[in-house]
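One line per chain: the protein sequences are A and B, in this order. So that you can map any letter, position 99 of the first sequence is 99 in our numbering, and since no number is skipped, the others follow by simple counting. So that you can map any letter, position 305 of the second sequence is 305 in our numbering, and since no number is skipped, the others follow by simple counting.
Don't take each hint at face value.
[Stated by the list, open to error] Selected chain A positions facing chain B (in silico; Cβ < 7 Å):
hint : residue
1    : D242
2    : R245
3    : T246
4    : R248
5    : G251
6    : H261
7    : F263
8    : R341
[Claimed, not checked] A short, non-exhaustive set of chain A residues, derived as facing chain B with CB atoms under 10 Å:
hint : residue
9    : R229
10   : Y243
11   : L252
12   : R253
13   : I268
14   : T272
15   : D339
16   : P340
[Said to hold, decoys possible] Sample of chain A residues with no beta-carbon within 10 Å of chain B, all distances over it, derived:
hint : residue
17   : L59
18   : N90
19   : G157
20   : M167
21   : V178
22   : Y230
23   : A247
24   : N306
25   : A321
26   : T322
27   : L327
28   : L338
Hints are computed from structural coordinates only; laboratory data are not their basis. These numbers come from a predicted model, not from an experiment. Note that CB positions come from ideal geometry on N, CA and C, so glycine has one too.
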Amino acid sequence: MSADESQPSPHRLPPRGEARGRLASSLRGAVSALLPLARRLATMVVALFGASVLVFVVLNVLPGSPAQVILGTQATPAAVRQLTAQLGLNKPLVSQYFDWMGGLVHGNFGISYISHQSIGGQIGQALTVTGPLVLFALLIGLIIGLPLGLAGALRNGRVSGSFIGAMSQLGMAVPSVVAGLLLIVVLTVKLHVFPTSGFPGWSDPWQALRALVLPSFSLGMVEGAIMSRYVRASILEQLRSDYLRTARSKGLRVGQALRRHGFRNAAIPLVTVVGLELASLVVGAIVVENVFSLPGLGLLLLDSVNNRDLITVQDIAMLVATTVLVLNLLVDLSYRLLDPRLKGTA
Amino acid sequence: MTALLSVRGLSVSSGPLELVRDVSFDVDAGERVGLIGESGSGKSLTALAVMGLLGEGLSASGSVRLGDEELLAASELRQCELRGDAIAMVFQEPMSALNPTRRIGDQVGETLRIHRHLSRKAAERAAVDLLARVEFTEPERYARMYPHELSGGQRQRAMIASAIACDPGVILADEPTTALDVTVQRRVLELLDRLVDEEGCALLLIAHDLAVVSEVCDRVITMYGGRVVESGSVSQIINEPRHPYTQALLATSKALSVSESSLGSQLPSIPGTVPSAGHFPHGCPFQDRCDRRVEACQVMPEMVETGRRALACWNPVVGATPSSGGEAA
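My request is simple: use the sequences and hints to build the entire structure.
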């Protein structure tokens, strides 16, 4: 009889009664909650270091010297050598790497070879476009994907469900560039509802928002279509789960059971997807910004690559890598909030 | 006297495939009925059909009456009102049947929130009382835990607590002890037995083990191949099984209970395996595995009732006491 009462995991339970025991256990609880976080952060630092070395080596091994690009094809080898020395590009690679990283660690992104402007300032400026763009696109993706996926799951096996499935397949098949061009043709060239391209800056928020509507939609619609597939699969899994049947055996209707017991569990895999989608949106933004001539991170990256503005390219690559890693960290942390089984595990 | 739960001609089909065929039985108020048979004989589907909780692609036909209400014809809304309140179910696998992300107290008290419209606080207090009734020594503490922090037996007791919350007239228990450690099975069974007794509710206990059923139930129904093949009182079925399938089940059950003394010798089992759905022979579903098969078995025998006993067999076992046990091997 006592076998049944014994705890499968006694170490996780506070010893009862004594105040001292309780204090010790809450301390232990805090440590066990923070330890995985510390471990994650350490992993992240290592990953960032690896990424920085990779980015640096790859870009410096690639052919094409910044000095040559600045001076043009007519420049004499002597002039190119002189400018190379002036830019500090003749220093050993290791010391160039540490100059660059040393600056980054202190928040100094360096000065562009080409524009002679602060790269940090340029990136900051570009982020005022790319940041809202990605965020709006994600929002649109969620607004489209969540209800569509839910409806698809609830109507699974019926004609309307298959229709939703076909729609999302179609949405996934259309690249955001094509969606963007279609939107431009219909809404700007024919109907003149939105500006075709360019960005007026945030000094006029209304115009700025208007300029971002089409790019956000062309990015977000595709993400929404992809998201709806994941949402549908996740909700279907919940609908087929034993505990949802238990919930229904208690007298809940399907919708109620799903709301009370399914959504939280369905969210666990979806959080991962949203994290990954956000990363892919950052990449997608680079393409879409070019279609709509938005002065965002994508345009800056492309210009920098064309100009062999290596430090700017490196900085942007590191920024994207950091963003992705931070997103992954947030995803991991949110698991812990959603799933009580993960408390105190690594 | 009219039965509390009355099932007539119940069939469950998946498209053209009939998985449960023409099942009829009654459960009186306060009566305990055991439903036995190997896996794949349609016991769980029968229970799910009674609850109106068949999975997608499955449909039920026939009649299921609870009191004087026809359940199969009732609206989903009405069925929801009855589920958990008048009729409750305990599932086989307590780990997956409980929501991993909600606290035990929350899940046990939920039935009361749905049907008695208790506030969250009141439902929590009621859940603690219910947990105490299912023999949790520290119900307050366990109410705050998540399913993964409990042992299998504890989880199943919590499931039972949630099933009895609204004093249902009938509890359907689908192999409630099968997934548990052997040491815990007896305790959960005794608990179920005691609670059903205290509540005065009826019990439909599904099991594949006759020993489990004979301990708790008044009456036994044997199912095979989606059909009821025999039913009768526990003592009738145990002492003189008439259907060869019941007899074979009994023999394996007895052999298991004495197996410790006869280690080394082969355990008797029913020859052959249960065919997958749709592959049962025409006529009596058991004929291929039956050692009493006759020509007539190619036609499904009618269910013949004599008193409270019913049998569907062309060549029933007569007068034999299966005390030797090894006969079916």
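Each hint, compared with the structure:
1. D242: For A/D242, the interface hint holds, since the closest Cβ of chain B sits about 4 Å away, which is under 7 Å.
2. R245: 6 Å, holds
3. T246: Nearest chain B Cβ about 5 Å off; hint holds.
4. R248: Holds - the Cβ of A/R248 comes within 7 Å of chain B, reaching about 6 Å at its closest.
5. G251: It holds, given that the least Cβ distance between A/G251 and chain B is near 4 Å, below 7 Å.
6. H261: Given a least distance of 5 Å, the restraint on A/H261 holds.
7. F263: 10 Å, violated
8. R341: 5 Å, holds
9. R229: 19 Å, violated
10. Y243: Since the shortest Cβ distance to chain B is 4 Å, the answer is holds.
11. L252: 6 Å, holds
12. R253: 5 Å, holds
13. I268: 8 Å, holds
14. T272: Hint on A/T272: violated, closest Cβ of chain B at ~16 Å, above 10 Å.
15. D339: 6 Å, holds
16. P340: This interface hint holds because 4 Å falls under the 10 Å limit.
17. L59: 45 Å, holds
18. N90: A/N90 is indeed farther than 10 Å from all Cβ atoms of chain B, at 60 Å.
19. G157: 6 Å, violated
20. M167: 22 Å, holds
21. V178: Non-interface label stands for A/V178: nearest chain B Cβ at 36 Å, farther than 10 Å.
22. Y230: 19 Å, holds
23. A247: Violated, since 7 Å does not exceed 10 Å.
24. N306: For A/N306, whose nearest Cβ neighbour in chain B is about 50 Å away, the distance exceeds 10 Å, so it holds.
25. A321: The assertion about A/A321 holds, with a minimum of 32 Å to chain B.
26. T322: 31 Å, holds
27. L327: 23 Å, holds
28. L338: Per Cβ check, A/L338 is inside 10 Å of chain B; nearest 7 Å; violated.
The structure fails hints 7, 9, 14, 19, 23 and 28 (numbered hints given earlier, in ascending order).
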